[in-house]
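Hey, can you work out the whole structure from these sequences and the hints?
These protein sequences, in sequence, are chains A and B. Mapping of the first sequence onto numbering that gives the first Met the number 0: residues 0 to 220, in sequence order. Mapping of the second sequence onto numbering that gives the first Met the number 0: residues 0 to 220, in sequence order.
Treat each hint with caution, since some may be false.
Intra- or inter-copy, both count: the list cannot distinguish identical chains.
Claimed, not checked - Pairs of lysine-lysine residues, derived as BS3-like cross-links and limited to a Cα-Cα distance of at most 27 Å, are as follows: (1) K139 x K50; (2) K76 x K139; (3) K76 x K93; (4) K121 x K50; (5) K76 x K50; (6) K50 x K75; (7) K36 x K75; (8) K93 x K121; (9) K121 x K131; (10) K139 x K121; (11) K131 x K76; (12) K131 x K93; (13) K50 x K93.
Hint data in this document are derived by calculation from the structure and do not stem from the laboratory. Keep in mind it's a predicted model, so treat the numbers as computed, not measured.
2 protein chains.
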Amino acid sequence: MEKKGNIPNATITRLSLYYRRLELLEFDGYRMVSSDKLAWLCQVNPAQVRKDLGYFGEFGVRGVGYDVIDLQVQIKKILAINRDWNLGVVGIGKLGSALLEHENLSVRGFNCVAAFDNSPRKIGNVLTSGLKIRPMQELKQTIRDLEIEIGVITTPASAAQSVANLLLGSHVNAILNFAPTRISVPSCCLVENIDFTVLLDILSYKLHHPSKNQRTRRTDS
Amino acid sequence: MEKKGNIPNATITRLSLYYRRLELLEFDGYRMVSSDKLAWLCQVNPAQVRKDLGYFGEFGVRGVGYDVIDLQVQIKKILAINRDWNLGVVGIGKLGSALLEHENLSVRGFNCVAAFDNSPRKIGNVLTSGLKIRPMQELKQTIRDLEIEIGVITTPASAAQSVANLLLGSHVNAILNFAPTRISVPSCCLVENIDFTVLLDILSYKLHHPSKNQRTRRTDS
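Here is the structure:
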């Protein structure tokens, strides 16, 4: 089904967004959606939608559009989110705790199955989710026992690299990094960094340049 | 200094990332950096760096590169982060509390100056940061008094739209939305949504397609 060649990162991100929008369309009772409408809802252009999906096959019917449920199934397959993934969260401060309770994660098949911290005050505490906070010494064994494939770092910046090293040493090759610092990993490993201050910079820019922003958006009036 | 026309969103995002990388270069003692090196550090191509900066003027010296400190000053000006912004956070659960304590926000000039919640259990409580949680009824007046220009929504999904409406009604035209739902705003308003499950989808895709990922990355060996 899948064409050869590298798929741009931006395409993968957009597939994820199309999927979320298709869920809402299904919830609203839609059976079919045109690429024009899906594009409009996702704020991209229709040619982009067709190109993104075109990397992976022919999903639409010309002149009719996409089947809302079928396209969700196809995107889930492409993104490999038609299965569950087990996550381990390291650093159980407020952010780590918030993540472990986040309503969206398990709904999307991302199961936080273990929580780790190095603070004696926290180790052994049972979280709202029912998980008990484990010491870092149990990381390697727990990752193996619970088949954890994605590590989530919610430590302070200063601890992030050493935690990343421990995860990599335990054969976790994918990391979601919330710590406000970049971490170095070998090329075989995957890291996605979350830095929401970048989004604040974007808001700052747009607040400062309102006319530009207005020109790029639809007007209501 | 600034050229006419719309600046792509992706350019603004990259400027924010260049800025972060320049900070690290300065910290490491670098005075100058070539566009090739800056591009390599940021994992984009050098032509992209030159194009992004080219929207706003001529900052480099041909054959020499960019002055690490001067370029930071220029990008801060462009992004309007050479000034502070006041933020109000609505929804003081674990995520809201984590944000209010986040080491990166005030460092970057984003000052959380007010916290709001509608829970009688929480209203009046004093947070680690020293802020007292205010009732929603005080939102409008507080926004005016403290000159809040950016609203941060950390409520559950079900409350996000009504909080957005309250913020807009109080003339806050920029929203950072952490709630796991999209919110509708008129075209004069700015929203940036944070959905880290999209990043997990990207990790999922790449874990499932390791060869593609390896082809797109530098190898260490």
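Worksheet item: Under a CA distance limit of 27 Å, which applies to K131 and K76: within one copy, between copies, both, or neither?
Response: The answer is neither: 33 Å in one copy and 47 Å across copies each exceed 27 Å.
Worksheet item: Is it within, between, both, or neither for K131 and K93, if the alpha carbons may be no more than 27 Å apart?
Response: both (15 Å within a copy, 18 Å between copies)
Worksheet item: Taking 27 Å as the upper bound on the Cα-Cα distance, should K121 and K50 be classified as within, between, both, or neither?
Response: So K121 and K50 fail the 27 Å test inside a copy (49 Å) and across (49 Å) alike.
Item to complete: Can you give me the call for K50 and K75, within, between, both or neither, at a CA distance of at most 27 Å?
Response: Cα proximity of K50 and K75: one copy only (18 Å, versus 35 Å across).
Item to complete: Have a look at K139 and K50 and pick one of within, between, both or neither, based on CA distance no larger than 27 Å.
Response: neither (42 Å within a copy, 45 Å between copies)
Practice prompt. If the cutoff is 27 Å on CA atoms, where do K93 and K121 land: within, between, both or neither? Let me know, please.
Written response: both (12 Å within a copy, 16 Å between copies)
Worksheet item: When no copy is named, should K76 and K93 be tagged within, between, both, or neither for a Cα gap of at most 27 Å?
Response: neither (34 Å within a copy, 33 Å between copies)
Item to complete: If the cutoff is 27 Å on CA atoms, where do K76 and K139 land: within, between, both or neither? Let me know, please.
Response: neither (30 Å within a copy, 46 Å between copies)
Worksheet item: For the identical chains here, do K139 and K121 meet the 27 Å Cα criterion within one copy, between copies, both, or neither?
Response: Within. Shortest intra-copy distance 19 Å satisfies the 27 Å Cα cut-off; inter-copy 39 Å does not.
Worksheet item: How do K50 and K93 come out at 27 Å by Cα distance, when the copy is not named: within, between, both, or neither?
Response: Classified as neither; 41 Å inside a copy, 40 Å across copies.
Practice prompt. Since the copies are identical, ignore which copy is meant and state whether K121 and K131 lie within 27 Å (CA to CA) inside a copy, between copies, both or neither.
Written response: For K121 and K131, both the intra-copy (9 Å) and inter-copy (26 Å) Cα distances are at most 27 Å.
Worksheet item: For K36 vs K75, is the C-alpha pair at or below 27 Å within one copy, between two copies, both, or neither?
Response: within (20 Å within a copy, 37 Å between copies)
The structure fails hints 1, 2, 3, 4, 11, 13 (numbered hints given earlier, in ascending order).
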